[in-house]
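Protein chains: 2
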Amino acid sequence: MKKYTSGIRRFLLGALLVQSVASFAQQATWIYYPGDFEIWLSNKMQNRRTERGSFFPPFWKLDNHYVLINFHKVLDLSAAEEVDVYVEGEYNIKLDTRLLPGKPARITLPAGKHVLDMKVFCQDRVPAIYLKGKTFVTDGSWQVTFEDKEWIDATGKVSDQSGTIWQPAATGGFNNPLQPPSAYRLPVTPAFAVKKEQVPQGQLLDFGKETFGYIRIHGLKGKGNLSLYYGESREEALATETCETLDRLELNQPQAKDSVLPLTKAFRFVQLQPAAGVSYDSVSMLYEYADVKDKGGFRCSDEEINRIYDVSKYTLRLATREFFIDGIKRDRWVWSGDAYQSYLMNYYLYFDSATVTRTLLAQRGKDPVTSHINTIMDYTFYWFLGIYDYYRYTGDSSFIKLCYPRMQSLMEYCLGRRNKEGLMEGLSGDWVFIDWADGLSKKGEVSFEQLLFCRSLETMALCAGIVNDNKQQQTYNQLATDLKGKLFNWYWNNSKQALVHSRINGQPTDHVTRYANMFAIFFNYLNEQQQQGVKKQVLLNNQVPAITTPYMRFYELEALCALGEQAYVLKEMKDYWGGMLNLGATSFWEEYNPAKKGAEHYAMYGRPFGKSLCHAWGASPLYLLGKYYLGVTPVAAGYGTYTVTPALGGLKWMEGEVPTPGGNIQVYCSTTEIKLQSPIGTGTLRFKSKSKPASSEGTIVAKGNQEYELVLEKGKAYRVKYTAL
Amino acid sequence: MKKYTSGIRRFLLGALLVQSVASFAQQATWIYYPGDFEIWLSNKMQNRRTERGSFFPPFWKLDNHYVLINFHKVLDLSAAEEVDVYVEGEYNIKLDTRLLPGKPARITLPAGKHVLDMKVFCQDRVPAIYLKGKTFVTDGSWQVTFEDKEWIDATGKVSDQSGTIWQPAATGGFNNPLQPPSAYRLPVTPAFAVKKEQVPQGQLLDFGKETFGYIRIHGLKGKGNLSLYYGESREEALATETCETLDRLELNQPQAKDSVLPLTKAFRFVQLQPAAGVSYDSVSMLYEYADVKDKGGFRCSDEEINRIYDVSKYTLRLATREFFIDGIKRDRWVWSGDAYQSYLMNYYLYFDSATVTRTLLAQRGKDPVTSHINTIMDYTFYWFLGIYDYYRYTGDSSFIKLCYPRMQSLMEYCLGRRNKEGLMEGLSGDWVFIDWADGLSKKGEVSFEQLLFCRSLETMALCAGIVNDNKQQQTYNQLATDLKGKLFNWYWNNSKQALVHSRINGQPTDHVTRYANMFAIFFNYLNEQQQQGVKKQVLLNNQVPAITTPYMRFYELEALCALGEQAYVLKEMKDYWGGMLNLGATSFWEEYNPAKKGAEHYAMYGRPFGKSLCHAWGASPLYLLGKYYLGVTPVAAGYGTYTVTPALGGLKWMEGEVPTPGGNIQVYCSTTEIKLQSPIGTGTLRFKSKSKPASSEGTIVAKGNQEYELVLEKGKAYRVKYTAL
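As you go down the protein sequences, you meet chains A and B in turn.
Note that the UniProt record's numbering has the first sequence beginning at 1, numbered continuously upward.
Note that the UniProt record's numbering has the second sequence beginning at 1, numbered continuously upward.
A portion of the hints provided could be inaccurate.
Copies of the same chain look alike in the list, so a pair counts if it works inside one copy or between any two.
Claimed, not checked - When the alpha-carbon atoms are kept at most 27 Å apart in a straight line, the in silico DSS-like pairs for lysine-lysine are as follows:
(1) K61 <-> K44
(2) K61 <-> K103
(3) K690 <-> K716
(4) K103 <-> K257
(5) K94 <-> K61
(6) K61 <-> K401
Worth flagging that the hints you see were computed from the coordinates, not collected in a lab.
Produce the complete structure using the sequences and hints provided.
Here it is, written out as structure tokens:
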């Protein structure tokens, strides 16, 4: 365990430095219209999917950036200044409404108060500007609009009743004038196969573990074809007729050259089949990765859990790219339900807001809304939930302000699709997904969808409050209350102690599934008695159909953890994720059914290698271990207040760090000792103890029933002696 | 006058040919999503404006094409066929839902019934495809969508409840596989100056008349700057500090080369100022033009009117480009109110539907609607009116079907901006334009806007009927009726015999302007008594502020023509348009005030050469002479029925041709004879005669009061002897 104090000092020093620098020289950065880079980049990203060499784009509407943007800044310089101008697109510059001649690459700004406007048109990339003088720069203090509505009358007078809606300009850390947003690329680093073998038609390379990037062929020459077959498994790379991804090169290259293939692929194995007359010296790869840092961490007394944690980290690392994507072999798209889980894991590992907001904005796209996000009803709701959680973990209200109008129009779309009962039911073009599960009914009004809809309405109310839209806040709250009433009146089956799966033709079915019930637990929609009923009659009931995707295992185990079943969940984790490790997994899968054998595990979607062996939703132990074992959870937005409720679940000890907007909360817990330190907020440690506990700092308060609480102040180190139950 | 029969024979032969060819070999053409090429092209076009060398884009939202399109075709070939594939963008091909490998440039389609799908992604241009086999081609029978919503489940099964909304694919006459829509360019032809003179700082070229295109400099060489100053007038080209457009080249070209400047300009005069060290041999231009043919024509006994007609033709020719634009020096944008007049002129000259629909689609852009078209309230309404007229003249209901959803959402925007009285009043960001006129009040609820709004609602009702949306048809009709009621209850001032200009604070003002009153006449909203009241108290009343733009002169003269004042209007035309000709105009102007002198005429917008000397709205005699002198007007859509009401207005004779969807209606009229022939519909000739008239064909019916009617059958030539009153 690291010393606490050094981290804190680093944090405080950092904050001071940022502030003192800011006061005399701003960081120039490329600026653009908020949300537009994300949409443009996701178009690029999502259209990079291929299936056996064929282009494979999404089946939902792709949106677009605004092609014409006005950038606006009121300046007040103490002295005139030379400013360099970099622009993506065709542009003009107006100083105090007067057009400067031509397209200057450098301008002189006069001292005093002036208004600078730039209009930029760019069809194929996002209009963007970068200005840098001695003190004057482009940054988030600029304003932007996609229509200034500033006309002049016949005398040349500018309209006096402007309808311009200005937005704060977006920035994305593009601080190099020669690397505009359109030049954005993930970094790469060379990597090498750990094993090579000859196979009947060519050569098979094994990179030792699941990986992602560009294949690089050294000394390639000759005339003819070279085929590459990628495999997440050895079987897949050898199955030239059914492997999911491949490349076919047509060569006419008399001189040997090094070639990097143009599209990234996911693989552990690659088989190369050169035609006679084609040869190469060797093959390596450029591993491509998102440059986000691990901040959180977890270690414990159980080495299998530690391995599960590490492989989860690697799985999320691979599926964290320009956006949080589903899987790296396919689909490589910004699926909202998949990304939602990555957000939650992210809060316990990277705490990287940029990837979260980038993904949320890309998913949302632009108005008009013509379908659910990714066409899936539940995925629309996860999008709202993603914003709810983002605010809770980061406290970033500026993003809520940016998003609120986009949230409103998406919610209008949902409200407009309610049936006469006010419930959501799949209409033409709506995909009711829930989970991959054989025979799962999507008919009628599914309880799970109403539950997510209800939390989405609560999210709208929360965000309406943040932007001071009090009228809408009331409306959304009322809608949520009404819907919750219907949910319990119509779906709660008292004899089954469960929410039933659906209503069909206005009548509740008596079919029980896990989905709505487990979400109802961690949404805190159930009373104590209902919770215990659901636990016994649903979660721990083998008669209720089992879940076979890590996707829904995530929520199932979360629900059990929320009910204090950490010991049970630890065992499940070891069985399920440990099961994949025992089968040689180097990253976690899209689906895992322990009953299957050998290469059966690789099949899905009716294809022998259809399954993705590196799927973000497989990495949920990151979240479970951080939130429900280390037990760190924000209460007020951005960790203004938070709780720490360590739960060993049978472990002898555990330690870890949970990132927050102010730095890491550090937790150590054994059966006799809890150590804690936080650089942010006011925390409450909750724990049980057989003996009377003692703390090095603060005052432990007994809550009865062997429960204790200790208030944690920012910056102080706490060391609690206790005896675990 | 041409022989009638040859034209008819040509028409019938053409129709037969088209049909017989169609039955065994289709014309392959590039196809794309409807409306998207228009938006893409207008972005390109409208961002070509410069002001003194600086980029000068519009101040309203520019929209975008859909970047990902699915092209869909059910085929049934009698034999297998090889098909060549051309695509704009990244693409795949699916045959019967199976992806073909890679990106084939040629495919083999099997015999029998199959389904072909192509997905194309293109960010910078409009996704488009061109396929051509022996019989199988891309054409308007394909379908397209921007989101197919076709997902598969975990077993690989395609969703069974598709939400795909298919549209017929758009075609635009792009029949060459090597010239995709993105390669669209207007044609050019060389043209030469008629006069060159040395001026103090360089050389002044006179091209003899207003023109448009690219300056071409022959044998250009040297190092240093070369400046070009463009002038619609000699004064402007010499005024290097205030001319509206210019080019500055920086040369470093030791070898002499021919250079074509990259951007088109409007000019009659060009001054070249080369720096010492820069030289050239000569200067010419590439005249750029839209390749639409004159179909209509007009000649009469008055040579001044003939000159006015010819200069009007040239003015409209110059302002007819990729779209109907306002003026060629500036703004070169698709202003809806300006284009509306070009549409009307077009029906009497080119009858070119493509330029009308292209302009309407470009103006409308995409949802969501965030402002009035061009930000101007009246221009939104003119857009609806443009559709009303387009249908009336062409009978093209397929365009109405395409446009109807876009009409609905724009009308929703308008309805959402009504005040509590249900009237339209300028809100923040709304430009209430009406006309360029000093001191014209835009305050409160302007009668002119309500009148246009009412006709827009009538247009919605008409189009709802065409698409069989009967419920909405009723709604729109009711809205129109209610609004018309308010218009006459609240704005009609009986003592003034006029609609007053506006209501302010709920009270009608007593100020009378011409605008609403003249539109009320040709909208046929007034009873006979009101018509005569308006004529006397408004139109022919010098106390009511005069109109000084050809823009509103268009409607003023139309109203007078509608009241039978052709003799008065002919004199006005000779005074006003003749006045410009007397000042040396080679095209008609944006504004003309006979009271101004010399270079005063060139000033506008507070700039000495701000006025455009070639503005489409200056060409209205084309429309007036065709519709109100030759007197040809469609009654049923597309000239199913029509009227011909010749009015000499003091001319000794006139003759002309009016284009229709079926060819030209030919009219000759003198004081003693009327000759007529039409290749389409059923017409009614209406005329007055002092003597009892006689016709070579058909039966003249006396209507009393010296009025007569003759029914005109398709294809027959009529020769009527009569005596003009």
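For each hint, the structure was consulted:
1. Taking the closest pair of Cα atoms, K61 and K44 come within 27 Å of each other both inside a single copy (14 Å) and across two copies (23 Å).
2. Only between protomers do K61 and K103 lie at most 27 Å apart by alpha-carbon distance; the minimum there is 22 Å, versus 35 Å within a single protomer.
3. Only within a single protomer do K690 and K716 lie at most 27 Å apart by alpha-carbon distance; the minimum there is 25 Å, versus 111 Å between protomers.
4. Taking the shortest alpha-carbon separations for K103 and K257, only the inter-copy value of 25 Å comes in at or below 27 Å, while the best intra-copy value is 41 Å.
5. In the homo-oligomer, the alpha carbons of K94 and K61 lie at most 27 Å apart only across protomers (19 Å), although the nearest pairing inside one protomer, at 36 Å, exceeds that limit.
6. With identical chains, the CA atoms of K61 and K401 are at most 27 Å apart both within one copy (25 Å) and between copies (22 Å).
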